[in-house]
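Got two chains here, each in a separate frame; can you build the complex from them with the hints?
Same order as they appear, the protein sequences are chains A and B.
Under numbering that gives the first Met the number 0, the first residue of the first sequence is numbered 0, with each subsequent residue one higher.
Under numbering that gives the first Met the number 0, the first residue of the second sequence is numbered 0, with each subsequent residue one higher.
Be careful, since some hints might not be right.
EDC-like mimics (lysine to aspartate or glutamate), calculated; alpha carbons at most 20 Å apart, straight line [said to hold, decoys possible]:
| hint | chain 1 | residue 1 | chain 2 | residue 2 |
| --- | --- | --- | --- | --- |
| 1 | B | K149 | A | D78 |
| 2 | A | K294 | B | D54 |
| 3 | A | K570 | A | D604 |
No lab work stands behind these hints: they were computed from the structure.
Fair warning: this is a prediction, and the values are worked out from it, not measured in the lab.
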Amino acid sequence: MLLAIITAIIAALIIVGIVVAVFILRSRRAPKTGAAAGKRVQTLETVGVSSSLASKDASNGGTEVHASSGQTSVKNPADNLKSRFTALGIFAGVVFGSLTVKLWSMQVLSSSSYARDAEENRFTTVYTPAPRGYICDSSGIPLVKNRTSLTVLAEPSVAENRDLLVRLSAVLGVPLNVVRQRIQDASAGAQSQRTVASDVKLRDVAFISEHADAFPNISVQTRTVRDYPFGALAAHVLGYVGSVSEDELNNQPEGRDIKSIDDVGKSGVEATYDSLLAGDHGQRRVVVDAQGEVKEVASETQPTKGSDVYLTINGPLQYYCDRRLADLVAPDRGMIGSGKGVAAAVVAMDVRDGSIVAMASYPTYDPEKFIGGIPQDIWDLYNTEESHAPLNNRCVSGLYAAASTYKAVTGLAGLEYGFAGKDAQGKEMTWDCEGSWDGFDTGVPQKCWLHSGHGKQTFRDGIVNSCDVVFYNIAKDFFDHSKSEGGNLSDTALQEVIQKYNFGKLTGIDIAGEEEGRVPTPEWKAEYWRNVPASAQWTGGDYTNMIIGQGDVQVTPLQVAVAYGAIATGKLMKPHLFKEVHNAEGEVSVTYEPEVIGEPEVTLDHLNTVRDALHGVATENEEVAKLFRKHKIDAAAKTGTAEHTDKGDDAWFVCYAPYEEPKYVVACVVEQGGGGSAVAAPLGVDVMAKVLDMDAGELDATMGKIAGSTGKEVKDLDTAAASGGRTD
Amino acid sequence: MAGLPQIQSIKTPDKMVVNATRPRRFSRVPLPFLIVIALLVAYGLLICYAAVQNDPDYSFSRQALGVAVGIVFMLGIWHVDYQRFANMSTILLVINVVLILSPHIPGLGTDAGMGAQSWINVGMQIQPGEFAKVTVVLFVASIMAKYHGKLDDPREYCKVLALMLIPFLCIMTQPDLGTGLVYLFISAVGLIMGGARPKYLVITLIAGICAIVAVFIVDEFLKYETSPGVYEYRLLKNYQRNRLLVFLNQGENLSDEGYNLQQAQIAIGSGGLFGKGLFNTSQSALGYLPEAPTDFVFCVLAEGLGFFGALVLLGLYAALILISVRIARSSNDLFGMLIVLCVVGMWLFQILENIGMDCGLMPITGIPLPFVSYGSSFMLVNFMMLGLIASVWHHSVSGGKKGSYANTH
Numbered sequence: 000m001l002l003a004i005i006t007a008i009i010a011a012l013i014i015v016g017i018v019v020a021v022f023i024l025r026s027r028r029a030p031k032t033g034a035a036a037g038k039r040v041q042t043l044e045t046v047g048v049s050s051s052l053a054s055k056d057a058s059n060g061g062t063e064v065h066a067s068s069g070q071t072s073v074k075n076p077a078d079n080l081k082s083r084f085t086a087l088g089i090f091a092g093v094v095f096g097s098l099t100v101k102l103w104s105m106q107v108l109s110s111s112s113y114a115r116d117a118e119e120n121r122f123t124t125v126y127t128p129a130p131r132g133y134i135c136d137s138s139g140i141p142l143v144k145n146r147t148s149l150t151v152l153a154e155p156s157v158a159e160n161r162d163l164l165v166r167l168s169a170v171l172g173v174p175l176n177v178v179r180q181r182i183q184d185a186s187a188g189a190q191s192q193r194t195v196a197s198d199v200k201l202r203d204v205a206f207i208s209e210h211a212d213a214f215p216n217i218s219v220q221t222r223t224v225r226d227y228p229f230g231a232l233a234a235h236v237l238g239y240v241g242s243v244s245e246d247e248l249n250n251q252p253e254g255r256d257i258k259s260i261d262d263v264g265k266s267g268v269e270a271t272y273d274s275l276l277a278g279d280h281g282q283r284r285v286v287v288d289a290q291g292e293v294k295e296v297a298s299e300t301q302p303t304k305g306s307d308v309y310l311t312i313n314g315p316l317q318y319y320c321d322r323r324l325a326d327l328v329a330p331d332r333g334m335i336g337s338g339k340g341v342a343a344a345v346v347a348m349d350v351r352d353g354s355i356v357a358m359a360s361y362p363t364y365d366p367e368k369f370i371g372g373i374p375q376d377i378w379d380l381y382n383t384e385e386s387h388a389p390l391n392n393r394c395v396s397g398l399y400a401a402a403s404t405y406k407a408v409t410g411l412a413g414l415e416y417g418f419a420g421k422d423a424q425g426k427e428m429t430w431d432c433e434g435s436w437d438g439f440d441t442g443v444p445q446k447c448w449l450h451s452g453h454g455k456q457t458f459r460d461g462i463v464n465s466c467d468v469v470f471y472n473i474a475k476d477f478f479d480h481s482k483s484e485g486g487n488l489s490d491t492a493l494q495e496v497i498q499k500y501n502f503g504k505l506t507g508i509d510i511a512g513e514e515e516g517r518v519p520t521p522e523w524k525a526e527y528w529r530n531v532p533a534s535a536q537w538t539g540g541d542y543t544n545m546i547i548g549q550g551d552v553q554v555t556p557l558q559v560a561v562a563y564g565a566i567a568t569g570k571l572m573k574p575h576l577f578k579e580v581h582n583a584e585g586e587v588s589v590t591y592e593p594e595v596i597g598e599p600e601v602t603l604d605h606l607n608t609v610r611d612a613l614h615g616v617a618t619e620n621e622e623v624a625k626l627f628r629k630h631k632i633d634a635a636a637k638t639g640t641a642e643h644t645d646k647g648d649d650a651w652f653v654c655y656a657p658y659e660e661p662k663y664v665v666a667c668v669v670e671q672g673g674g675g676s677a678v679a680a681p682l683g684v685d686v687m688a689k690v691l692d693m694d695a696g697e698l699d700a701t702m703g704k705i706a707g708s709t710g711k712e713v714k715d716l717d718t719a720a721a722s723g724g725r726t727d
Numbered sequence: 000m001a002g003l004p005q006i007q008s009i010k011t012p013d014k015m016v017v018n019a020t021r022p023r024r025f026s027r028v029p030l031p032f033l034i035v036i037a038l039l040v041a042y043g044l045l046i047c048y049a050a051v052q053n054d055p056d057y058s059f060s061r062q063a064l065g066v067a068v069g070i071v072f073m074l075g076i077w078h079v080d081y082q083r084f085a086n087m088s089t090i091l092l093v094i095n096v097v098l099i100l101s102p103h104i105p106g107l108g109t110d111a112g113m114g115a116q117s118w119i120n121v122g123m124q125i126q127p128g129e130f131a132k133v134t135v136v137l138f139v140a141s142i143m144a145k146y147h148g149k150l151d152d153p154r155e156y157c158k159v160l161a162l163m164l165i166p167f168l169c170i171m172t173q174p175d176l177g178t179g180l181v182y183l184f185i186s187a188v189g190l191i192m193g194g195a196r197p198k199y200l201v202i203t204l205i206a207g208i209c210a211i212v213a214v215f216i217v218d219e220f221l222k223y224e225t226s227p228g229v230y231e232y233r234l235l236k237n238y239q240r241n242r243l244l245v246f247l248n249q250g251e252n253l254s255d256e257g258y259n260l261q262q263a264q265i266a267i268g269s270g271g272l273f274g275k276g277l278f279n280t281s282q283s284a285l286g287y288l289p290e291a292p293t294d295f296v297f298c299v300l301a302e303g304l305g306f307f308g309a310l311v312l313l314g315l316y317a318a319l320i321l322i323s324v325r326i327a328r329s330s331n332d333l334f335g336m337l338i339v340l341c342v343v344g345m346w347l348f349q350i351l352e353n354i355g356m357d358c359g360l361m362p363i364t365g366i367p368l369p370f371v372s373y374g375s376s377f378m379l380v381n382f383m384m385l386g387l388i389a390s391v392w393h394h395s396v397s398g399g400k401k402g403s404y405a406n407t408h
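Next comes chain B alone, as it looks inside the complex (with noise of 0.2 Å):
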């Protein structure tokens, strides 16, 4: 990676006296990781551009806006150092709380028309439950540094696991599954990279899988009839039902969620190898791709760009991670190191359940592709969690680096 000779370089003692002596400002910037982002950022803005083209009721330059009220973001967050947040656990499982059951405030939260309760109004819509997301990574990242990558001890292991599931307990009530497994997986990448026990995670893993059946099970006995032969089931909802089952048998279901799959489906099979150009789709620029520029936001690329458009963006996905990792894997701290992890397997997440569910790999849930998808809540988000990444980079790598090496020599 272009970034690795970089931080060689800075490892030669006589460097080392330079950088120490240099203004703090130009030694401190990840080139490589701001050039990815940049990259990322302009090619994500690209995709959404060519998506809102047929759309009115998406506005570009909201999307724009939304990128540089988050540039700002990133790096107000860049420069605050993140271990002010290690002792505050209590205060960001209340903040989450908070942000997360406040669309439920009368007057002030909405269902913007979606089904859902997860917006709220404040002069314009913006999603909380997405802003929580930071608050989450920074919760489970603050809960787990207490363990200093052990944690062995059966009691504290399922105090834990209860807190962490608060967050997700909170965003159901609205109800948006598609949130709340990013919650959880942002947990689970924290308990397994802090260090829990592996039997643990193991028993874990079994008691949700029994958990989910067990709904399944009640529900079979809490359904009830609607009218003549149709049911609605109490705790999953019919429609998370379908989307089930239309990822289970694809191309037979031909409701809503099959068709939308299906033409998703053909919007990304069509683009080929070098897509149809950008600006000359049919399948989204005609309509046939249901909500273009925020779920199914991957089609636009692939049908436009085609396969190799397609590997451009999981590439840069890729170097994102990959240099986000080593980030994390230098943080000289555990709560900076669990910070990154835990953004890092967020974005995992998010990018694995968007584009598989484009491609048929995923059941269907509504989960924004980060950089790409229109949506100026996720933007922020995105540059918040950014801006976290520099910090931890800031804080602990490039001034953790300074020990590390005094230590050695």
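Bound-form chain A, shown alone (with noise of 0.2 Å):
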């Protein structure tokens, strides 16, 4: 401020400077004026008559001006325009004056404000990407690395240069028609600079660094990409990554800085907690010219790699899972339909707390192949109906009818109506099942699975023989004791028990893209169906279809794992694959809490009658028993088979452990692959015995690569051969 003045001081000495020598230079002719004062009149007549005189000569024919200054001589014409003198005089002060004025005002007092600017314009910070954290297992193992890869890049005015083309793909081994595509397109934004290649070898690298003159507007950048040793392992729970969309830059989410040269994750794990995974941006301030080019690097500071996830996914358990289905669906080259079903998930969660210590949904697909965007190649593959959407998580997205799964919860509430168990009496309900069932004389009878009949037949016999004629009877009671049919009961009785264990709703698992599923209620019924009333009304048999599972009721793995972990504790646990995170320090600074989603209130005599049913079908049901047998496994288990119409049966299998102290339910579903008990079991089997031994300690922590799919089924696949084999 003190310079302010002072300069001030110093302009105003000048503008007064330039004044008082306006001045001098009037008062240096003032003297001579006034020495002229005495003959003023004088002067003034001589003046006149001269000027008179010189009108006169111009009048007369235009005698030379020169002469009549000549004449005139006595005197400077300027001493007629004093005062024009001083105006211009003060014209000139005002220019100058105004000019260094608002000079001091620009460079002096407000000088910081453009200085500024001027800075702004001058350092532009560029970004650089910062690697993503890994993602690792449960003991740290990490599913999803980072790499560095070479990669080749061309500015778009290379596409022109065909010479250049041509060493360009001769040097990558990548045909000249592809090269010129690559640089062609402008997806990235019409100035970025193309991909011409990626994971180039060092050895290319160095031959187009060493012949910069013969690759002009090349460049090579080493880029983090991510890296994936165990394959498409768990593919589905990790998710895979992908450059920023447009969308995704105006919609950041607080917290995150995403720049347009960032990948960011599209699906999974890597999608939910892209935040944790991201890093911090590297920048260079550098200089800029106007054209935007970089002149000089004022300062640097590197990328910070972003947190490590770790998952609650038990690495070894995990590949045991997705290998086993990738046996059990396609186990000749991959060909969906060389062994059982067209697809299979299978899901397993810790009871205690909702850790999903395995989730594998085959058919799978390799991250890998994403990085640097889907290619259209395998977009396409993926995108035909003989792949089965490799991209689907169907833990958590596949929806199936929940078949006899289904009849541990609406046997319970059976149980909780007094539809089942003990009548007014003290005395055990009995139905006798004859094979077909026909409670609302339609004549057209209901069948159960065994068409020879189970005979007499008590609730616990029910569930372990998953006899359907006895839930058909539940059914009927709930139906007949609806309002609607003139009885007491809500016309959702049974739906409310059902809603109650989390069905048709989300479970709120820690990835995106869960399904809801879906319990069938009168009023869902009249709005699906609102353009053809005939089908829109609720009928009895609606609810027989409902008790078994079958008929509208869509579930996903996922949410039956999460029911049974209900039945087994009493507690709905929030599913979860998140454990902790690990900063960069490898400290761990966020640790998952688990959560309680709800604590269905049923009575504990019946859940016991249920838990007991589901020990008898673990432990009587020869087929499953033998199973159990084999690995030595106290569970509890139910099987289920949801019949179609037009293709195979899906066939369910779901199961929990310890039986007396509940420690992880297993659920797994093979899509058209047949019979609950034939096909899905022993998967669910042998899954539970895997995830007792890791709880053990004892599992073979041998893990590889797994395969993604080929997107490819066998010729002539009909699953519906499959079918018929029902046996729950």
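Right under this line is the structure:
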């Protein structure tokens, strides 16, 4: 400020100086005029005479001005115009004065704000992408890492340089037309550099760098890309990353700073925990000219790697599950249909805290192939019907009829409302199964899966043998007592119990793409069939279908696992994959806190009855019991077979173990695989055995690469042949 | 001023005798005038050198050549008696019109890619409108000189006014408003200093303002829609309007014009008190400053040498103008006085407009800064102007003194 004042004074002095100089100039003349003042009148007269003479001369035919000036040489012509000279002087003074004042105010008073603007112009911050954090299994085995990839980039103009294209093609071993196509691809922005090839060999890069003259406008960049040491292992859980989209750039989540250079998580854990995995950008403050060209680098900070996310997934167990599913569905060269079913999913959860220890879905995909964008050929392949949607995580988004696995919950509802278990006299209720049932006298009997009939069945028998007739009867009771039939029960009394076990609702697992499923209600049916009023009527048949988990029922394997966890423990745990975060220093910074999403209000006696019945399935149902016996597991289980009229049945199996002190629940489904006990049970029991091995610390730690789906299926695949073997 | 004592000393009679006997060449050198010119031209060349550093489109040697040729021109004109032009009004007018309209000659004229038909191509591109400034000065001075410092007759006044408007109207066919305004300003100085009646001057000023308002009003009726919502005016082009509007509400406009002005002001303001060093500028070196060597050359100085650097330039200009005005005052004929004052007026206007435009005091018009802006045409013109002033000094002041003293004694 002092400086400003001094400058102001100096500037003022200069202005005063100029003005004084002007006056001095005037006063220089003043003595002369002053001297002439005595003869003032005379002078004036002289001027008058001379000028009149001159004008006379001029009018008299233009005598030379020179001559007239010669005549008036007594005085300078300027003396007549003194006031006008003063005006000119003032004008000059105003010009220089105002310019000086303006410059002073700009350069001294508000210089700092202009200087700031100049700095803003001068420096630009260039961001470099930060490596993402690793994703590890519960014990710290990295499932997703990073690696560096040498990338050859070209300016868009290179596409017109044929010689250069030929040279690039020869060095990189990429066909000429592919090179041209890649350089012409403007999808990343018109001015952006185009990726000619990724993962280029160091030798080729060295060649290009050494012959820079022959490769103008070509640059090599070392990029950090995702590395998948186990290939497609847990691909659906991990998800994949991709270049940031316009939409993601514009809607950035709080605390996340996404730049256009970044890769962001597109699915799975990569997407959910994107802000944890993403690191801090490296910053380069560079001096750029008006054309945006970098002139020098002023400062540079290195990027910081993102935090490592540890999952609840157990690596070796996941490896077992992924491999087991691939072997089950596509044992022959990855051809779907060469084994059982067309797709399968298995999920294993710790019932105590909701940790998902394994989550596998087949067919799967190899995220490695998605680096730098999903290639068109793979995208097209995975969109064919034969590929059976490898990108779908069937554990959370696969919707299936729950089949007999529903019976544990619907049965519990029957017990709660007194339609099963002990009657008013305390006597065990029984039903007689003759193989078919026509409780509503429709004339079209509904069949039990055992067409020959189960004979006399208690509620427990009904679950152990999965007798449908028992449940048809319970359903009929619900229907008969419903308000619309003149009873005093709500029309949705059964559904309300089912919903208590989180069916028809999201479980809230920490990956995207989860489906709600469906618990059919009269309201839903009326809405669903609103254009076909004849089918919109809620009937007793809807009850009987629903109670055995068929018809319009839709559940995901994860929902079944969570519901069975609640049957085992009494509490619905929120399933989760996130275990903890290890920051850059390797310290645990965030740990997951288990969350209870619900505690269904049921009579403990009834719950124990259901548990006992499920235990019966695992011990008395011979087909299932022998599997458990082989692994010496004391479990509770339920099989299920979801029937389809047009394709093969979906096989279900769910179990929790150990029975006395439940720790884990395993749910699996084999799409169009056939009967639950025959196809799904061996898978589920094997997985449960490995889960318990893991719990005991005896699991073989072998892990290897999992292949992505080939997207191919066996020619003329007919899964319908696999049905008809329903035993539950 | 340094020059004053010298002239004072010339006044003493004994020195007078010495002067009369001394060889003409040495006695007739206006030393302060030459010193100021030398300093100004050297300073201008230095600034220009810094400004062209980062732009390969400009060559400093061409500018230096312009100075060299300019000095030759100046010395040549110095020794030509300006009085020869006194009765050549008609010829000067014809030369003016031919010069200004020459870019319209097919095959000769070019717009040099700048939009206005202002250049002719004779081996190199020159701007005849610039050279016409010299003839305009002579033309205006020769008309006014005929009235011996008293222009009272309304009819004569109107005649003079009409004649003076001719160069302006000619240049507006190119169109080049900036140079046209310089002509108008020269004419105005000629009218005022030539002794036109104040009443007429005020009336002319009011009429001029009315004419400008009228142009805007008529334009409002003449405008047409080029594309929906976009209007083009017929009399004042859109870019000219933009410049005016940018000047009126600074900081809000993000168009090219607004951007240029903003960058120019950042350059000036960020220079601070002592500047960043002439060869260490950021705004001009990094290309943020548009047209750095020509229209915005002052910003290079202000950024590089700061407030003091700018003051030095302003001081040199003030000194040049002061010395020139003194020569005008001492001139013993009206024609010589008017020539010098018209030149001074031209410089004043160009300085005001160029620097004023850079710092937001004036609307943007492409007017070069005398002795500093890149461009050999204008450099030549300036030296020719200096030659005229020197000629007036040579033939009227130093020579005329003899007469005046002879008269007193």
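Inset, instruction - Verify the proposed pairing of K294/A with D54/B, using a straight-line Cα cut of 20 Å. - result: Cα-Cα ~15 Å, so holds.
Legend entry - Given hint D604/A paired with K570/A - CA-CA distance at most 20 Å: With a Cα-Cα distance of about 16 Å, the restraint between K570/A and D604/A holds, given a limit of 20 Å.
Legend entry - Pairwise hint evaluation, D78/A against K149/B, where the allowed Cα distance is 20 Å at most: holds (13 Å)
Consistency with the previously given hints is maintained throughout, with no hint failing.
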